[in-house]
Amino acid sequence: MSDFDGAAMSRFVSTFADRLHERREELTQLDSAVGDADHGINMDRGFSAARAKLAELGEADLGTMAKTVGMTLISTVGGASGPLYGTFFLRLSTSLGERDAASTGELGAALRAALDGVQQRGKAIADDKTMVDALLPAVEAFDAASGDGIGPALAAAAQAAAAGRERITPLVARKGRASYLGERAMGHPDPGATSTTILFESLRDAVAAD
Amino acid sequence: MSDFDGAAMSRFVSTFADRLHERREELTQLDSAVGDADHGINMDRGFSAARAKLAELGEADLGTMAKTVGMTLISTVGGASGPLYGTFFLRLSTSLGERDAASTGELGAALRAALDGVQQRGKAIADDKTMVDALLPAVEAFDAASGDGIGPALAAAAQAAAAGRERITPLVARKGRASYLGERAMGHPDPGATSTTILFESLRDAVAAD
Amino acid sequence: MKKLINSTDAVVDEALAGMVAAHGDLLRVIEPNVVVRADAPRQGKVGIISGGGSGHEPMHGGFVGMGMLDAACPGAVFTSPVPDQMLAATKAVDGGAGVLHIVKNYTGDVMNFELAAELAQAEGIEVTSVVIADDVAVKDSLYTAGRRGVGGTVLAEKIVGAAAEAGQDLAAVTALAQRVQDNVRSMGMALTSCTVPAAGKPTFELGEDEMEIGIGIHGEPGRERRKLAGADEITEALMGPILDDGGFGSGDDVLAFVNGMGGTPLIELYIVYNKVAAMCAERGIAIARNLVGSYITSLEMAGCSITLLKLDDEMTRLWDAPVHTPALRWGA
Amino acid sequence: MKKLINSTDAVVDEALAGMVAAHGDLLRVIEPNVVVRADAPRQGKVGIISGGGSGHEPMHGGFVGMGMLDAACPGAVFTSPVPDQMLAATKAVDGGAGVLHIVKNYTGDVMNFELAAELAQAEGIEVTSVVIADDVAVKDSLYTAGRRGVGGTVLAEKIVGAAAEAGQDLAAVTALAQRVQDNVRSMGMALTSCTVPAAGKPTFELGEDEMEIGIGIHGEPGRERRKLAGADEITEALMGPILDDGGFGSGDDVLAFVNGMGGTPLIELYIVYNKVAAMCAERGIAIARNLVGSYITSLEMAGCSITLLKLDDEMTRLWDAPVHTPALRWGA
Ligand SMILES: Nc1ncnc2c1ncn2[C@@H]1O[C@H](COP(=O)(O)OP(=O)(O)O)[C@@H](O)[C@H]1O
Ligand SMILES: Nc1ncnc2c1ncn2[C@@H]1O[C@H](COP(=O)(O)OP(=O)(O)O)[C@@H](O)[C@H]1O
Ligand SMILES: [Mg+2]
Ligand SMILES: [Mg+2]
Ligand SMILES: [Mg+2]
Ligand SMILES: [Mg+2]
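Read top to bottom, the protein sequences are chains A, B, C and D. For the first sequence, the residue numbers in my numbering are 1 to 210. For the second sequence, the residue numbers in my numbering are 211 to 420. For the third sequence, the residue numbers in my numbering are 421 to 752. For the fourth sequence, the residue numbers in my numbering are 753 to 1084.
If you're looking for bench data, these hints aren't it; they were derived computationally from the structure. Be aware that a few hints might be false.
[As the list claims (entries may be wrong)] Quick list of in silico lysine-lysine cross-link-like pairs, DSSO-like style, CA-CA up to 30 Å:
(1) 647/C - 621/C
(2) 263/B - 511/C
(3) 953/D - 979/D
(4) 621/C - 422/C
(5) 333/B - 511/C
(6) 422/C - 953/D
(7) 263/B - 277/B
(8) 979/D - 891/D
(9) 979/D - 422/C
(10) 277/B - 621/C
(11) 754/D - 1062/D
(12) 333/B - 277/B
(13) 333/B - 559/C
(14) 647/C - 953/D
(15) 559/C - 422/C
(16) 53/A - 754/D
(17) 754/D - 647/C
(18) 123/A - 979/D
(19) 1062/D - 891/D
(20) 621/C - 843/D
(21) 123/A - 67/A
(22) 422/C - 843/D
(23) 843/D - 67/A
(24) 422/C - 754/D
(25) 422/C - 647/C
(26) 647/C - 511/C
(27) 843/D - 559/C
(28) 891/D - 754/D
Source: prediction; values computed, not measured.
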């Protein structure tokens, strides 16, 4: 299995866009229960635009690709997920820079930078019941498994994201709209943690498909 | 069986008020189908007020009693039925005058005057599908049977009112709100013809109860 | 039935009390339930009054104030008021120059206003009446109850109110009201029924994919039930009869009024207005003035109505004149 | 889903087109979907902008015009706008005196406005932001997303808009906006859910005898589901937390704002206002100004919110100052 390159980045974004489109209703439904019923719509709109922009962009280094995705998300999504996922990709971009391919370690550092960006932007910490609770364990699992190579590291990350999402489902939310519900949010999965889980599954599968 | 006196008038209004109250929902339901869903409410409001006013009035001649009812209806009902039923009783009043009791013939003349008043006020003719289609045959049946005495004459009137109401149910309405519906009113009984039928049944039973 | 009410009997009285609490600078309520302009009667000014069943708010009480109505008579929900109210209103606003009754064409309204006018005239007050009958969903015929009075009423009250405020006499404001009536056409539709509080359940039932075209403002069913359509198609279905019947055409100046029925939010009314504007533009009809909002409603019914009024210079000037009422306010 | 729309994707664009068609004298729309006051930028005047998801009409686009907002940024339905919009708005209204962003406190709105402010500042425009967070249904806490911005936003936009119109500088209008925020409290409730067009079904389901207390304006469920109650009891349930949290009491002058959520007719709002007025009177609180109507809505949701603002003389004077926008107009 090779490094993470432009083709992998394209497949990743494209796979994620497909799955968001397929699961648009499910994500919106989760957001109905604890929020404003738009998360699936927002993510679908943003990533279908990002995929189209990437296609327009053609060949480019990883940083430029990630920046294109991040800027597109910020300009098309709105809501909480626009700046958060936008920041995620902009930080990936800064970290990956002009590289055409990233090693497992470099990808891990970029994901870590992305996590930091999301936390700075949204000020959520662990157990606030947000996408951070899928993202943070995913990044840590990736780091822990990165010695085994990119495939296993991404598999571990995806699994950790899903586990994080499950883990926080019983909690009360402290950030995002679900926080308005108080105890009524208990037992409802977080929409953003769900889409972040799909993100890591898409990343895993995009790389594995190589 | 005696003439129509103040006690009979009281029983008549009171019986009619009771039945309107009991059948308030049914009348309103009929008005939902072809109008604005208030006929039962209107009639119940008006006749419960009229009954109370009659009780306040105490002993009085027939004209004063009918006038009290008519004025109360005009002041409390509104809608189409307020002026129409109000006029009905005001014309009864003028015709009955200061009598304490009316013969069968006198009652027949008063009912005829009431019919004329309703037609002048509302400008409806036969087959416009309004209360006139119950009132007009009732008055004619009363006249035709008045030789048999007040009881049989009122029984004939009540039967004719009910038959009139049935007869026009299939028609298109030309007056009242049901006229807005065009052919959609066909097959729906007219609310006002229904309440007029109840009026004659109440009058029949009030006199028979003597 | 889901409503913000306390009891079905108290709806009208409590809403009137709320209006007085909110707009005591503009209006007061006198017995028996008449909303009267705070400074009425005004000597020498023609009094303009209207009235009808409640459930159409802000009409008519919300139009009482400077430059519009001098008094409004709210009946029970969807039930025309009683003559006592119109008589009290007429007396309360008479400043010696006579009183115009603006009456929506419903059998009950017409008869009750007629009785009141007779009583007021008997007391020596000069009264004229103009009946508004602008609803093209109903066939115009001498042999029936005729057309309903709907959206055109709002426009008539504003324009005639301005004329009376400007000092026009009874004959002039009466003729003007009739001119508005002759030049205005409306039609409405419903996505959902409303529920009369005292009835407790919806006046009609509509399937999730159905709508009523040609409804009035009393929850009465429309002329026709159709499959639900898009806003543009609905707008065409309403505008077609309005344009035809009113003979609106190239070179006309109109006032276009898109009205919500009570349960429809403003965002949807603007979508309808967008199509109204496009249809007028295609036909060379200039929308010189417009009004978009819920001004003549049918409780919580979802739906809309469209009204077009062919304007002349005087009507336009009077429309622009200052008005200060709870529901319409400008220039003041 | 029963709505007067053509397609779920076109809702916002067509409604904006309708607004421009209706109110071209007051506003225009520039790319990327920004509603801008017709005469912006005005040299030397502080620009006031706001924005948020669509579905709350007339807020914010309906408040663009003389004496209120210079621009509004409508996002997708219930989705905060993107920074490109606020940046374009900021540039379009900047008259050299800086621009104030009035932001409702939702994570998305705050982050997107923040990004825009950073970009605008990078382009040399002075930008300040005030976050409105007046919803007492949500606990005020540093460790959460904090309170939502609801009805207080309308009042802030009017008052601050008047100050900017009067020539106050950026520091002054910013401080004033903060003063409004510090003195305003709101709470809302729903009788029915709304339906996000793109979602196609109600955001939540409520039984025929249930209501949600403590809802926001995005169809999010409230703090608590209760058995349906009468208007007075509902008003008490909303007023209690507002009065407590805001410390409103005897001798205070307030602006009382009873707001409809989109599907509730005016007659019901007056019933609620009647109780609000009674409760204030009991407590010696003087309602110096009031507003009753649907100004910050949640699509076709039935329900209401109540807002109280403790007024000082300057706020009262600015509230009374002329305003000419599609949705609020007086003195002009
Ligand atoms: N402060 C925050 N930090 C991180 N994630 C957040 C924060 N606030 C909200 N989120 C995430 O955003 C998701 C909601 O996204 P979305 O529905 O698109 O935005 P909005 O709440 O503006 O409608 C939540 O499920 C949560 O995971
Ligand atoms: N012009 C008329 N002449 C006689 N009866 C009429 C006329 N118009 C309506 N009605 C009667 O009135 C009834 C409706 O009464 P009601 O529902 O109380 O009044 P509204 O139509 O004002 O709501 C109709 O069913 C009809 O019988
Ligand atoms: Mg959301
Ligand atoms: Mg009726
Ligand atoms: Mg009626
Ligand atoms: Mg959102």
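Against which earlier hints does the structure fall short, listed by number upward?
10, 11, 15, 16, 18, 20, 22, 26, 27 and 28
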